[in-house]
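K.L.:
Each chain is listed here by its residues.
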Amino acid sequence: MTGAEAIIRCLEAEGVTDVFGLPGGAILPLYDAWAEHEHTIRHFLVRHEQGAGHMAQGYARATGKVGVAIATSGPGATNLVTPIADAYLDSTPIVCITGQVPTHLIGTDAFQEADIQGITMPIVKHSWLVKDVTELPQVFREAFHVARSGRPGPVLIDVPKDVQLASFDFTYPRQTDMPGYRPSRHGHPKQIITAAEAMIAAERPVFYVGGGAVTSGVDPAELIRIAETLQMPVVTTLMAKGVFPDSHPLCLGLPGMHGSKAANWAMHRADLLVACGSRFDDRVTGKLSTFAPGAKVIHIDVDPAEIDKNRAAQVPIVGSIELVIPKLADAVASRQNGGPPRAAEWLETVHGWQREFPFRYHRGGKLKPEFVIERLRDLTAGEDVIWTTGVGQHQMWAAQYLEIDHPRRWITSGGAGTMGFGVPAAIGAKVACPDAIVINIDGDGCFQMTMQELATARMYGIAAIHVVINNGWLGMVRQWQELFHSERFSETNLTVDLPDYVKLAEAFGVAAFRCETVEEVDDAIRGALACGGPAVIDARVDREEKVYPMVPAGGSANDIIDVEWAEDDNQWVEEGV
Amino acid sequence: MTSDMHTLSVLVQNRPGVLTRCAGLFARRGFNIESLAVGPTEETSRSRITIRVDCSQHSVDQVTKQLYKLVDVLKVSELGTTAVELELLMIKVTSSPERRPEIISLAEVFESRVVDVGPEAVSFACVGPPDRLHALEELLRPYGIRELVRTGRIALDRDGELGQRRRIRVVA
Chain L
1 MTGAEAIIRC
11 LEAEGVTDVF
21 GLPGGAILPL
31 YDAWAEHEHT
41 IRHFLVRHEQ
51 GAGHMAQGYA
61 RATGKVGVAI
71 ATSGPGATNL
81 VTPIADAYLD
91 STPIVCITGQ
101 VPTHLIGTDA
111 FQEADIQGIT
121 MPIVKHSWLV
131 KDVTELPQVF
141 REAFHVARSG
151 RPGPVLIDVP
161 KDVQLASFDF
171 TYPRQTDMPG
181 YRPSRHGHPK
191 QIITAAEAMI
201 AAERPVFYVG
211 GGAVTSGVDP
221 AELIRIAETL
231 QMPVVTTLMA
241 KGVFPDSHPL
251 CLGLPGMHGS
261 KAANWAMHRA
271 DLLVACGSRF
281 DDRVTGKLST
291 FAPGAKVIHI
301 DVDPAEIDKN
311 RAAQVPIVGS
321 IELVIPKLAD
331 AVASRQNGGP
341 PRAAEWLETV
351 HGWQREFPFR
361 YHRGGKLKPE
371 FVIERLRDLT
381 AGEDVIWTTG
391 VGQHQMWAAQ
401 YLEIDHPRRW
411 ITSGGAGTMG
421 FGVPAAIGAK
431 VACPDAIVIN
441 IDGDGCFQMT
451 MQELATARMY
461 GIAAIHVVIN
471 NGWLGMVRQW
481 QELFHSERFS
491 ETNLTVDLPD
501 YVKLAEAFGV
511 AAFRCETVEE
521 VDDAIRGALA
531 CGGPAVIDAR
541 VDREEKVYPM
551 VPAGGSANDI
561 IDVEWAEDDN
571 QWVEEGV
Chain C
1 MTSDMHTLSV
11 LVQNRPGVLT
21 RCAGLFARRG
31 FNIESLAVGP
41 TEETSRSRIT
51 IRVDCSQHSV
61 DQVTKQLYKL
71 VDVLKVSELG
81 TTAVELELLM
91 IKVTSSPERR
101 PEIISLAEVF
111 ESRVVDVGPE
121 AVSFACVGPP
131 DRLHALEELL
141 RPYGIRELVR
151 TGRIALDRDG
161 ELGQRRRIRV
171 VA
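For the record, the sequence lines run as chains L and C. Residue numbers 1 to 577, in the numbering used here, belong to the letters of the first sequence in order. Residue numbers 1 to 172, in the numbering used here, belong to the letters of the second sequence in order.
Keep in mind the hints are simulated off the structure, nothing from the lab. Values in this document were obtained by computation on a predicted structure and should not be read as measured data. Just so you know, not all the hints are guaranteed correct.
Claimed, not checked - Straight-line distance between alpha carbons at most 25 Å, and here's what the computed DMTMM-like set of lysine to aspartate or glutamate pairs gives:
#1 C:Lys-75 - L:Glu-14
#2 C:Lys-69 - L:Asp-282
#3 L:Lys-190 - L:Asp-219
#4 L:Lys-296 - C:Asp-61
#5 L:Lys-309 - C:Glu-34
#6 L:Lys-327 - L:Asp-497
#7 C:Lys-75 - L:Asp-177
#8 C:Lys-69 - L:Glu-14
#9 L:Lys-131 - C:Glu-34
#10 C:Lys-75 - C:Asp-4
#11 L:Lys-296 - L:Asp-497
#12 L:Lys-261 - L:Asp-246
#13 L:Lys-309 - C:Asp-54
#14 L:Lys-309 - C:Glu-147
#15 L:Lys-190 - C:Asp-61
#16 L:Lys-368 - L:Asp-523
#17 L:Lys-190 - L:Glu-222
#18 L:Lys-287 - L:Asp-271
#19 C:Lys-69 - L:Asp-162
#20 L:Lys-368 - L:Glu-322
#21 C:Lys-69 - L:Asp-308
#22 C:Lys-69 - L:Glu-322
#23 L:Lys-546 - L:Asp-282
#24 C:Lys-69 - L:Asp-281
#25 C:Lys-69 - L:Asp-115
#26 L:Lys-368 - L:Glu-228
#27 L:Lys-327 - L:Asp-219
#28 L:Lys-261 - L:Asp-559
#29 L:Lys-366 - L:Asp-559
#30 C:Lys-92 - C:Glu-147
#31 L:Lys-261 - L:Glu-374
#32 L:Lys-503 - L:Glu-487
#33 L:Lys-296 - L:Asp-281
#34 L:Lys-309 - C:Asp-61
#35 C:Lys-69 - L:Glu-222
#36 L:Lys-366 - L:Glu-487
#37 L:Lys-327 - L:Asp-177
#38 L:Lys-65 - L:Asp-18
#39 L:Lys-287 - C:Glu-34
#40 L:Lys-309 - C:Glu-43
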């Protein structure tokens with residue numbers, strides 16, 4: 001068997017059914033084998049390798065399976081760098097397979113040669129350059145194991161062209177041989193009991209749930225059991241949205257820079273933070289030295305390096321969240337023993353903030369982006385919807401106004417903040433979950449970065465809906481310029497009409513809708529939902545709307561800037577609908 | 001946070017790129033490597049990297065945990081103050097034939113060995129604890145040091161109770 005065919009057999013052995021890629025010289029033998037041999041894997045031909053990487057990410061995050069992206073050497077491989085970095089920061093399991101120039105040309109600056117293993121070294125969980133074809137099966141076995149286990153992440157396998165062409169006897173190994181790689185799993189039983197006791201004793205606890213809870217595949221019912229037993233308010237970070245139901249009365253939603261006042265104030269005044277798969281990211285904490293000044297910290301994470309990294313933990317628990325949380329729930333329940341939770345009064349306070357300061361916006365005048373997102377939410381209520389986003393204002397509004405009650409139904413670029421993530425991520429998610437409605441809430445700046453993947457969507461009939469929240473600006477940058485740079489709008493004006501998103505979509509053969517007024521929104525959404533194929537909605541919104549509340553970078557929960565709000569504005573909201 | 005010197009002994013699998021991965025990690029997380037020595041161990045499949053860094057204890061704990069995340073890293077130990085630490089220094093000193101005996105006898109006090117003698121310079125090799133090498137260097141400096149090279153220290157923990165090896169771990 002050739003190395004090229006062996007790669008296909010390795011993918012089959014790992015249960016891979018879908019891959020995303022684009023061929024080129026150094027990966028040609030693999031694509032030749034793809035066409036020559038019978039196999040069970042679907043390949044989606046993308047229009048740019050970055051698209052392949054983000055599609056693999058969307059696929060992985062919608063399912064928990066490992067996503068696979070394929071590219072050729074040199075520029076093909078470097079186009080995967082952004083998705084790899086994104087997957088690294090958001091702990092997404094993907095395997096990237098890149099072609100490489102033949103082994104005898106490595107190091108000679110050959111045509112389309114790039115040291116992709118070297119380039120990606122700081123942003124992969126691990127990587128391999130396969131110089132001997134007989135190593136291929138072992139490498140693939142280990143690569144998938146590393147990508148999906150422990151704290152998941154991206155891995156890279158670089159395969160020179162001559163290795164793809166070489167022949168050998170193929171057998172797929174049953175075991176990995178990695179003495180240096182043994183992720184902790186179970187969590188120390190004593191620490192779990194210590195944590196449970198601290199949680200019961202706390203008067204102002206906050207459950208600070210992060211993306212690690214989603215990647216671990218924890219049963220949301222167990223998170224709910226802990227929160228309900230203690231009547232403990234829950235904040236879910238941008239990466240965790242949905243793992244604890246947004247509709248649950250204990251859920252305060254998003255903390256951090258554009259989080260709710262209730263979430264930020266609760267963390268600020270807490271006497272105990274139960275961090276669960278969260279990493280005290282600067283977008284959550286603001287200024288670390290003033291973040292949650294009175295709180296003890298219980299920190300549960302599968303990655304020991306997250307413990308004490310940004311914030312010291314009094315009770316560290318290293319283990320897989322899906323295994324630790326049920327044990328913690330048992331420990332809490334048995335010690336609480338049906339008694340009244342100590343935090344009841346605290347919850348009253350927090351709910352007071354929540355009632356007084358909901359996410360809100362002024363509805364008069366031009367079409368507001370928040371309104372479009374609310375209508376998307378309401379017109380799909382009760383359906384199985386997967387939401388993806390780009391990065392910026394639209395992402396924050398989506399995080400604030402969508403209500404998501406299940407994990408893996410919210411796919412956004414959190415750590416890296418990768419503009420252009422939304423379109424390909426939605427395509428990948430739709431491939432993974434064809435029965436779900438997939439809606440990409442995108443910005444006009446983001447959309448233009450990866451919009452060529454509409455061709456991929458059209459070619460395979462991948463019916464995700466892409467909603468361009470079109471304000472004609474690099475909106476979040478503009479917001480910072482308005483608030484912090486004396487309204488010098490330096491190089492952020494994209495203009496609303498360039499391109500014409502409806503004509504653009506039509507050129508791709510994709511259904512297109514436009515809305516510019518409140519009245520047109522529902523028709524556009526209904527039209528896109530009903531069209532049965534990929535669709536684009538050009539939602540032309542108020543160009544000057546800003547995301548509030550906002551904790552300025554490096555600020556703390558006491559520095560929140562909020563939308564100006566008069567008493568009678570609430571009344572006005574009711575009338576505005 | 002106090003800043004001071006730490007010696008980390010990192011046992012790794014002898015695979016391509018492992019040194020780059022370890023060294024790159026230090027650079028990426030903003031640590032300055034004071035010295036680094038790498039070589040084979042008692043098992044051919046394994047190498048040991050001895051890294052000397054100047055940073056706070058908190059940073060050492062962080063970088064240790066980050067090192068453990070590298071798939072090819074088997075074990076990370078921070079060596080205590082009682083560890084045996086040695087380094088090799090080679091030094092070429094300006095020396096006219098008249099001064100040669102003086103310089104050589106000086107160097108011999110430090111158990112250095114003459115490795116080369118030329119018309120205008122003499123070269124020594126010296127193995128010892130880093131502070132002794134430093135003393136030798138300072139003593140020879142007035143004569144004119146032409147070239148100097150050091151290997152970076154390698155270290156072994158003492159056997160038994162004297163050993164202060166800290167194996168850094170988080171409660172799992």
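K.L.:
Now, for every hint given, state plainly whether the structure supports it.
P.N.:
So, going through the hints one by one against the coordinates:
1. C:Lys-75 - L:Glu-14: At roughly 30 Å apart (the allowed maximum being 25 Å), Glu-14 (chain L) and Lys-75 (chain C) break the hint.
2. C:Lys-69 - L:Asp-282: 22 Å, holds
3. L:Lys-190 - L:Asp-219: Within the cut-off at roughly 22 Å; holds.
4. L:Lys-296 - C:Asp-61: 20 Å, holds
5. L:Lys-309 - C:Glu-34: 23 Å, holds
6. L:Lys-327 - L:Asp-497: 55 Å, violated
7. C:Lys-75 - L:Asp-177: 16 Å, holds
8. C:Lys-69 - L:Glu-14: Measuring from Cα to Cα gives roughly 23 Å; hence the hint holds.
9. L:Lys-131 - C:Glu-34: 34 Å, violated
10. C:Lys-75 - C:Asp-4: 22 Å, holds
11. L:Lys-296 - L:Asp-497: It is violated: about 52 Å lies between the C-alpha atoms, which goes past 25 Å.
12. L:Lys-261 - L:Asp-246: This hinted pair holds, its Cα atoms lying about 16 Å apart.
13. L:Lys-309 - C:Asp-54: At roughly 18 Å apart (the allowed maximum being 25 Å), Asp-54 (chain C) and Lys-309 (chain L) satisfy the hint.
14. L:Lys-309 - C:Glu-147: 42 Å, violated
15. L:Lys-190 - C:Asp-61: Judged against 25 Å, a Cα distance of about 22 Å means the pair holds.
16. L:Lys-368 - L:Asp-523: 16 Å, holds
17. L:Lys-190 - L:Glu-222: It holds: about 19 Å lies between the C-alpha atoms, which stays within 25 Å.
18. L:Lys-287 - L:Asp-271: Answer holds: Lys-287 (chain L) to Asp-271 (chain L) is near 18 Å, not above 25 Å.
19. C:Lys-69 - L:Asp-162: Violated. Lys-69 (chain C) to Asp-162 (chain L) sits at ~32 Å, over the 25 Å cutoff.
20. L:Lys-368 - L:Glu-322: 39 Å, violated
21. C:Lys-69 - L:Asp-308: 15 Å, holds
22. C:Lys-69 - L:Glu-322: The given pair, whose Cα atoms are some 20 Å apart, holds under the 25 Å limit.
23. L:Lys-546 - L:Asp-282: 21 Å, holds
24. C:Lys-69 - L:Asp-281: Given pair Lys-69 (chain C), Asp-281 (chain L) holds - Cα atoms ~19 Å apart, limit 25 Å.
25. C:Lys-69 - L:Asp-115: 22 Å, holds
26. L:Lys-368 - L:Glu-228: 36 Å, violated
27. L:Lys-327 - L:Asp-219: 12 Å, holds
28. L:Lys-261 - L:Asp-559: Between Lys-261 (chain L) and Asp-559 (chain L) the Cα gap is close to 11 Å, so the pair holds against 25 Å.
29. L:Lys-366 - L:Asp-559: 29 Å, violated
30. C:Lys-92 - C:Glu-147: 5 Å, holds
31. L:Lys-261 - L:Glu-374: 20 Å, holds
32. L:Lys-503 - L:Glu-487: The hint is violated at about 32 Å.
33. L:Lys-296 - L:Asp-281: 17 Å, holds
34. L:Lys-309 - C:Asp-61: 9 Å, holds
35. C:Lys-69 - L:Glu-222: Cα-Cα ~28 Å, so violated.
36. L:Lys-366 - L:Glu-487: 21 Å, holds
37. L:Lys-327 - L:Asp-177: 30 Å, violated
38. L:Lys-65 - L:Asp-18: Answer holds: Lys-65 (chain L) to Asp-18 (chain L) is near 11 Å, not above 25 Å.
39. L:Lys-287 - C:Glu-34: 31 Å, violated
40. L:Lys-309 - C:Glu-43: With a Cα-Cα distance of about 34 Å, the restraint between Lys-309 (chain L) and Glu-43 (chain C) is violated, given a limit of 25 Å.
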